[in-house]
Amino acid sequence: QVQLQQSGAELVKPGTSVKLSCKASGYTFTSNHMNWIKQTTGQGLEWIGIINPGSGGTSYNVKFKGKATLTVDKSSSTAFMQLSSLTPEDSAVYYCARQGYTTDVMDAWGQGASVTVSS
Amino acid sequence: DIQMTQSPSSLSVSLGDNVTFTCEASENIYGFLAWYQQKLGKAPKLLIYGATNLEDGVPTRFSGSGSWTNYSLTISSLEPEDIATYYCQNNHVYPLTFGSGTKLEIK
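Residue numbers (the working numbering), protein chains in the order written: chain A, 71 to 189; chain B, 104 to 210.
The set of hints was computed from the structure by calculation and includes no laboratory data.
Don't take every hint at face value.
[Claimed, not checked] Derived lysine-lysine pairs resembling DSS-like cross-links, with alpha carbons at most 25 Å apart:
| id | chain 1 | residue 1 | chain 2 | residue 2 |
| --- | --- | --- | --- | --- |
| 1 | A | 133 | A | 83 |
| 2 | A | 89 | B | 145 |
| 3 | B | 148 | B | 206 |
| 4 | A | 93 | B | 142 |
| 5 | B | 145 | A | 93 |
Note that the coordinates shown come from a computational prediction; the quantities given were computed from them, not determined experimentally.
Build the full structure now, drawing on both the sequences and the hints.
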């Protein structure tokens, strides 16, 4: 079955970067685009961007350009999101979510990774 | 960006109730509307796509309707496992945007 296994919780200092991973299994990794979503209590669910694992092509929410960088490693079927210049406002749960090939919606989600930015 | 407005923000319900909540897009999204269910501490789960299409494995008590800017999700005969927060999502144009959610609570 389709599974997206995300890396664990992170506690990081302001001004640093963090790289989250999302390992896919149960399907052909390059057949589906991968989304990243931020969830906070205050702002709800926010779409960060999407990557085509086959080509590496990306599309970002303007709000997260310069903050998030999406990449993949096809050899390990893993998607990555690097968040840079972290501030307390980046504290959130981050999800990866597969884009359905025919439905074009987020049909499988990782379990989420909590990022806490604190000195 | 397309704004998605959900109402109500919370709803107090009884098991067995028929429940409907709504989602309004700030512009026409041509039926490119998905609904997700999120239980406490878990990731969202896809319920409906294309405004009316039930995702595989989702119980048939869930149904979606709507067009243009106005959409709704109905749960017929609420079950205990349906207690969750429900989000709508525009997947017509980037940036993809979500509503703020409707939280179901037991009376």
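Comparing the hints with the structure gives:
Under the criterion of a C-alpha separation no larger than 25 Å, the hint pairing residue 133/A with residue 83/A is consistent with the structure, at around 22 Å. Taking the CA atoms of residue 89/A and residue 145/B, the gap is near 21 Å; set against the 25 Å cutoff, the hint holds. Taking the CA atoms of residue 148/B and residue 206/B, the gap is about 15 Å. The hint holds against a cut of 25 Å. In summary, the hint linking residue 93/A to residue 142/B is supported, as the alpha carbons are separated by about 23 Å, within the 25 Å threshold.
The suggested pairing of residue 145/B with residue 93/A holds, with an alpha-carbon distance near 18 Å, which does not exceed 25 Å.
Of the numbered hints stated above, none is contradicted by the structure.
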